[in-house]
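Asker: Sequence:
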Amino acid sequence: MTGSWQKVNFVNSRGLNLAGLLYVAPGNTGRIIINCHGFTGSKEGGGRALELGTELSRRGWSTLLFDFAGNGESEGNFADLTLSGQIDDLTCAVDWVVKRGYNQIVTVGRSFGGSTVICQAARDHRIAGVCTWAAPARLMDLFTSFTDESLDSPEEMVTMAGENGVIYLKKAFFRDLQLYDVPREAARLTPRPLLIIHGTKDGVVPPGDARLIFEAAGEPKKLVWVEGGDHQFTGHYLQAWENLFAWLNKHFPGT
2 MTGSWQKVNF VNSRGLNLAG LLYVAPGNTG RIIINCHGFT GSKEGGGRAL
52 ELGTELSRRG WSTLLFDFAG NGESEGNFAD LTLSGQIDDL TCAVDWVVKR
102 GYNQIVTVGR SFGGSTVICQ AARDHRIAGV CTWAAPARLM DLFTSFTDES
152 LDSPEEMVTM AGENGVIYLK KAFFRDLQLY DVPREAARLT PRPLLIIHGT
202 KDGVVPPGDA RLIFEAAGEP KKLVWVEGGD HQFTGHYLQA WENLFAWLNK
252 HFPGT
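Residues in the sequence shown are numbered from 2 upward in steps of one, following the working numbering.
Hints may contain errors.
Quick list of the computed label-pair ranges, beta carbon to beta carbon [stated by the list, open to error]:
| # | residue 1 | residue 2 | range |
| --- | --- | --- | --- |
| 1 | Thr-235 | Val-167 | 22 to 28 Å |
| 2 | Arg-101 | Thr-55 | 17 to 23 Å |
| 3 | Arg-15 | Pro-254 | 24 to 30 Å |
| 4 | Leu-180 | Asp-149 | 34 to 40 Å |
| 5 | Asn-250 | Arg-189 | 35 to 41 Å |
| 6 | Glu-220 | Asp-182 | 29 to 35 Å |
| 7 | Ser-146 | Asn-250 | 33 to 39 Å |
| 8 | Glu-150 | Gly-4 | 46 to 52 Å |
| 9 | Leu-180 | Pro-207 | 17 to 23 Å |
| 10 | Pro-254 | Glu-150 | 47 to 53 Å |
| 11 | Gly-48 | Gly-166 | 41 to 47 Å |
Using 30 Å as the maximum straight-line C-alpha spacing, the simulated DSS-like pairs for lysine-lysine come out as follows [claimed, not checked]:
| # | residue 1 | residue 2 |
| --- | --- | --- |
| 12 | Lys-223 | Lys-251 |
| 13 | Lys-222 | Lys-172 |
| 14 | Lys-222 | Lys-251 |
| 15 | Lys-8 | Lys-100 |
| 16 | Lys-100 | Lys-251 |
| 17 | Lys-222 | Lys-202 |
| 18 | Lys-223 | Lys-202 |
If you're looking for bench data, these hints aren't it; they were derived computationally from the structure. Using N, Cα and C, we set each Cβ at its ideal position, and we do this for glycine too.
Work out the full structure, taking the sequences as your base and the hints as a guide.
Answerer: Dropping the structure here:
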């Protein structure tokens with residue numbers, strides 16, 4: 002089936018059912034983008050991820066969108082979220098597309114999803130290339146800035162300020178973050194290509210994080226600054242898209 006989004010699902014290694022959407026490109030090219038949402042986000046990306054997937058299909062790429070466990074329509078409790086869990090979810094998504102015959106897999110991640118795709122691809126050589134949008138490099142600095150609570154207190158839950166109000170996470174989230182050094186993980190991607198896109202006016206993830214990832218990574222790598230772009234790329238997302246398309250054409254030319 003081509004030409005429309007199909008609801009799909011797969012199970013992660015913790016036994017949770019993850020909800021996804023698949024858009025199959027015409028011609029069954031075997032090429033697929035797995036697009037990962039950000040912190041507290043969902044697979045549809047407010048509709049923009051759907052638009053991007055539709056456009057990618059015209060360029061010969063299928064797209065899989067999915068909700069990380071505890072987000073959107075996927076099973077799980079948001080409070081149990083960890084980066085390790087998201088890496089596992091993405092690995093299970095890769096398993097799923099490989100079983101469907103896809104043999105050229107590129108991962109795209111926005112914000113915390115960008116940190117996730119870097120760390121996952123560092124461990125999974127089935128990933129042919131990685132693109133990040135507004136990805137944080139200094140994870141503990143970023144996420145501790147969302148709470149006033151001490152991580153040394155005896156309470157297991159941490160209250161945090163989210164985009165849509167107060168959210169709660171277990172302290173295991175922060176302990177798990179300390180296992181990952183995103184720039185160091187990025188260095189493990191070479192010789193696979195890495196594209197880093199970041200807005201110069203990002204008020205959530207400092208643009209310096211993009212520079213840290215870029216400087217640590219090996220070739221081939223590219224850092225694109227979106228002038229005036231905020232964390233959501235408001236009014237600038239088409240510029241991010243065009244850079245993604247050009248990068249795909251360069252490193253993964255169609256047959």
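Asker: Would you mind marking each hint as holding or not holding in the structure?
Answerer: Against the structure, the hints:
1. Thr-235 x Val-167: 22 to 28 Å: 24 Å, holds
2. Arg-101 x Thr-55: 17 to 23 Å: Holds: the Cβ-Cβ distance is about 19 Å, inside 17 to 23 Å.
3. Arg-15 x Pro-254: 24 to 30 Å: Violated - the Cβ-Cβ distance for Arg-15 and Pro-254, about 38 Å, lies outside 24 to 30 Å.
4. Leu-180 x Asp-149: 34 to 40 Å: 24 Å, violated
5. Asn-250 x Arg-189: 35 to 41 Å: For Arg-189 against Asn-250, whose Cβ atoms are near 25 Å apart, the range 35 to 41 Å is violated.
6. Glu-220 x Asp-182: 29 to 35 Å: Given range 29 to 35 Å: violated, Cβ gap about 20 Å.
7. Ser-146 x Asn-250: 33 to 39 Å: 37 Å, holds
8. Glu-150 x Gly-4: 46 to 52 Å: Holds, since Glu-150 and Gly-4 (Cβ atoms, about 49 Å apart) stay within the stated range.
9. Leu-180 x Pro-207: 17 to 23 Å: Roughly 22 Å apart at Cβ, these two residues keep to the hinted range, so it holds.
10. Pro-254 x Glu-150: 47 to 53 Å: Since the Cβ atoms of Pro-254 and Glu-150 sit about 50 Å apart, the hinted range of 47 to 53 Å holds.
11. Gly-48 x Gly-166: 41 to 47 Å: Cβ of Gly-48 to Cβ of Gly-166: about 21 Å, so the range 41 to 47 Å is violated.
12. Lys-223 x Lys-251: 12 Å, holds
13. Lys-222 x Lys-172: 34 Å, violated
14. Lys-222 x Lys-251: 12 Å, holds
15. Lys-8 x Lys-100: OK: Lys-8 and Lys-100 at ~17 Å, within 30 Å.
16. Lys-100 x Lys-251: Roughly 27 Å separates the two Cα atoms, so the pair holds.
17. Lys-222 x Lys-202: Holds, at roughly 22 Å.
18. Lys-223 x Lys-202: 19 Å, holds
Checked against the numbered hints given earlier, this structure breaks hints 3, 4, 5, 6, 11 and 13; the rest are met.
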